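Trainee: What follows is the residue order along each chain.
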Amino acid sequence: MDNRFDVELISVTKRYGTTLAVDAISLRIPRGTYCCLLGPSGCGKTTTLRMIAGHEAVSDGDILIHGENVSDLPPIKRGTAMMFQSYALFPHMSCLDNVAFSLKMRGVAKKERHGRAREYLALVHMADYADRLPGQLSGGQQQRIALARALINRPRVLLLDEPLSALDPFLRVKVREELKRLQRELGITFIHVTHSQDEAMALADLMVVMQDGHIRQSAPPREVFERPISPFIARFIGSHNVLRAPHGQIAVRADRCRLGVANDGPHVNGQVIAVEYQGAMVRVAMKTDAGDEVSALVPDQTFYRQPAEPGDLATLVWSEQDTHALMQV
Amino acid sequence: MAGGDAVKGMSDGASAAGVKCLVTRRRSTRMPPWLVSWFQVGPLALILTVLFALPTTLFLVVSFYDYDRVGIYPAFLLDNYRELLTTPATWRVYVSSLRFALIVWAITLFLGFNVAYFLIFHIRNSITRTIFFLLCAIPFWTSGIIRTIAWIPFLGRNGAFNQMLMALGVTSHPLDFLLFSDFAVIVTYVHLFTLLMIGPIANSLSKIDPALLEAARDAGASRWHTMTNVVIPLSKTGITLGSILVFTQVMGDYFVVRQMSGGQSASIVSMLSTEIQAMQYPPASANAMVLVIFVAILVGVMMKVVDVRKELVK
Amino acid sequence: MTARISEKRPWTFYVLGTLFGVYLLFLYGPMFVIYVLSFQGPNGGVTFPMVGTSVVWFKEVFQPGQMADIPVSFSRSIALATVVSCLTVIISVAAGLGFRRRFPGSAVLFYLAVASLVMPSLLVGFGIGLGFQFLGWQPSLFTSALGAQLTWTLPFGLFAMFAVVNRFNRAWEEAATDLGASPWQRLRYVTIPILLPGIIGVAMGAFTLSYDEYARTTLTIGPKNTLPLEIYALISSATSPTLFAIGTLTTGVSFLAIFIALLLVLRMQRRRALIKAA
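Protein chains in written order, with the working numbering: chain P, 20 to 348; chain X, 11 to 324; chain E, 2 to 279.
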C-alpha cells in the first residue's frame, strides 16, 4: 500500500457504448495537493472526477484512495465528498439541515449534528444563515453552504466540479483565494475541474491538462507554462505562439516577443490584424506571411512609444533562448 | 440621436447634475400590463362567473326555499337543512362515500406514486417513457361509463377473472364477492382514477434536479432515505393535486356506486339526482350545498399543506 | 479483480417494473373484455361465455333503434366536442398568457378555476339547469350543455397552459418586438407557433373530455341526447353487447384523434430539435 499518494488512477477507462470518454489514464496525486483538471469541453475531465467520486462506474482500470482500491465502493465509503457545479442544495431544507444531512444519514442525534453543522457554517462564514432556505441566498452564499456540506464528513479528498463558473469575475477571484486557503488549512487533497487556464494556474500545485480522454501533461503550473509539451497545450494555456521551425514546431511566450526589425535573430514577418489594450500590457495580433496567427504581449509604455495599427506591416522578433521545442501531438 | 446632441457636453464623462435635457419625450400609448392581463383572462372569468359562481349562488338561495308537491316558493327556511342533517340516511351515505374515498385514495396514491416514479426515474429513453405514459392514458379516452360496465363481465360469476382463477386452480368455484360489492366499487374507482394521481405526481417528480439525488447519495443516503428526505418532500404538490382530484371524483360520483354495488350502497350525488328528478329543488339544493361545503373544506385543508398556486403559476 | 460496479439496473427497477406491468394488465383487462365481447355472437349476452362471433352488434350501432339513436347522438357528440374544443383553446390560451403577470384578482380567479374543476359534475349541471329553468329558458345542446362542459374543460385547459407557458422563454417575444413586430404580429408569428404543441394537446384533451362527458351534460341538455347519455339510456333499458360495440368504436375514434394530434406534435418537435442541435 503506497501511502505517498492521496489518489491514484491506474489505467482508468470510461466507455459509453462504443465511445471512449476517458482512455486508460494514469495519474498519481501526492498527499495534500491542490490538483486541477483542465481541458476543453468534452475532454473527459468531469467524467474522471465523477469516477473518482463514485457517481460514474469505471469501465476498466482501478482507482486508489490512500492506497485502498475504491473502484467498487459507493461514494460514502470512499472518503471523498463532492461539490456539484449547480451546488445541488436541497431546496426544501434550511442551510443548517443541508449541512447536517450526511450526519443525519449516519444516525447522529439531532443536537449533536446541528452543533457540528454550526461549526462548519462558521468555518465558511455563514453562521448567520443557518435557518434560511437555499433559495433565499445568492450564488456565492449557496456555494459556501455546499462547501460546508461537503466538508462536514471530513473527507480525504474534496472534489469540485467547476465551482467558480457560475460566479461573476470579481467574486471568482475572492472565492479562489478562499479555496486555496482552505485547502492549505485542511491539508487534504482538492481535485478541481475547470476549463479556465487562469484559474488552474492560480490554484494548482499539480495541473493536469486533458484532451480527448487523455492526459496530455501533468505537472506544476510553472512547468506547464514554461515548458508545454505539445502545440495543443501551448495554445490552450494561452499567451504562447506556436511557430514552425526547421526541425519541428516551437513555442515562444507572447510576452517574450516584441515588434521589431528583422535582424540575424529569429523573426517572422506579417501584418497586424488587431490591437487589444489590456491595461498593463497591449496584445498585438498578427498574421504572418505564411498565414499563421501569432501575437505579442507588449508592455504598455513600450507600445505607446511606437504604436501600431491594424493593417501595418510588422515583424515579430524574439531571442533564441526563449524558444521551446514541442513534441508532435 | 437627437437626445444625444442636446447633451453633447457630457461625452467626457462629466456629472449630469444641473444639466437639463432639451429634447421632450414622446408620449407612449401602451396599456398598463394589468389591463392587458384583464383582457386576456376576461373570457375565462366571465364564463366561470356566469356558469359556475352564479349557479352555485343560485342553489344556495334555493336551498332555503319552501316546497310542496306542486311547486317551490321563495322563503328563508332552515327546514331543508334540518331535515337533511337529522336524517340518518344522510350521515350513512356521507360516511360510506368518505370510506370509499379514503380507501381509493390510499390505493391510487400507492399505485400512482410508484408508477410515476418508475416512469420518471427508471426509464432513461424519453421515447419509451412517452409511449408508456400514453399506454396509461389511452383507456382514459374511453367513456367512464363503458369502462365501468366492462368490469361486470370481468368480475361476474361466469366472468373472465373467475374463469382464470379456476383454470389456474386457485379456487374450485366462482367467487361471489367480486361483483356487486364494495370490492367491485373500489376496484372500479381505482381503475378509473389512478391516472389522476400519476399525472400530477409525474409532473412534480420531473421537476426534481437529478443532481439532488446524487448529492444525497454522496452524503451517504440509502435509497430509502433519499426517498423520504428528498423525493417525497419535493413531490408534495403533485401528491396534493392528485389527492384533491381523486377525493372529489369519488365523493361526487354518480354512476359507479349505482352500478357496481348492487344496490348495497348509495352515493351522495345519486341521492341528489333522485330529488332532482322528483323536481324537489329546495332539498336537492340543500343537499348540494352541504356537499359543496364539504368538498370546499377538504380542498381547503389540502391546499393549506401545499401552496398549490405558487407551484403551478411559477 | 473483483466485479465492477456496472451500469446494470438496481433491484428496485425490477420490482417497480413488475408493478407497472401488473398495473397495465389491470388497466387493459376490462378494455379487452369490451373489445372481445363486442364481437359477441347474435344469441350471446353481455357476459361470457361467447356464443359464436359476429359483427351483428356493430351493425346495431348504426341503425337507429327504438331505445336509442346512436348515429344522431354520435354526430351531436362530435359537433359539441368540436365547439367545446375550439372555445377551450382560445379562452385558456388567452388566460394562460394573462396569468404570466400578477394582476389584481388573479388569486380569486385561480381558486375559482380550481373550484370549478373539483366540483362534482352533477352539481354544476344541476345549478345551470336550475338557472335556466328560473329564467324560463329551454336547456339545449349549444347553450346550457355547452356552458356546463366548459366549466369542466376550461380549468383543465388553464392548468395545462400553465405548464406550457412556464417553459416559454420571454426572450423570444422580446426579440420579436426588437425586430419591429406589433403585439398582434408577435402573437401570431412567434408566441402561438412556439406554443402550438401544447395548444394541440389542450384541444385534444378538451375534445375528449367533452366527448365522454356525462354528468354535467345530463341535466343541461334538454331532450336531445349526446352519445354518453344515449349509452346511459341503453344501459338502463336493456343491456346488450351493442354497448361494447359502441365502446370499441368510441375508443377507436378517441385513439384516432389523439394519434393524429401526436403525429403532428412529434413532427413539430423533431423539426425544432433539429434546429436546436445544429
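Simulated from the structure, these hints should not be mistaken for laboratory data.
Careful: at least some of the hints might be erroneous.
Stated by the list, open to error - Which residues of chain E face chain X? A few of them, derived with a C-beta cut under 10 Å, are:
1. Phe100
2. Arg103
3. Thr251
Every value quoted in this text rests on a predicted model; they were computed, and no experiment measured them.
C-beta atoms are modelled at their ideal positions from N, C-alpha and C, and glycine is treated no differently.
Trainee: In ascending order, which of the hints set out earlier in this document are inconsistent with the structure?
Mentor: Violated hints: none at all, because every hint is consistent with the structure.
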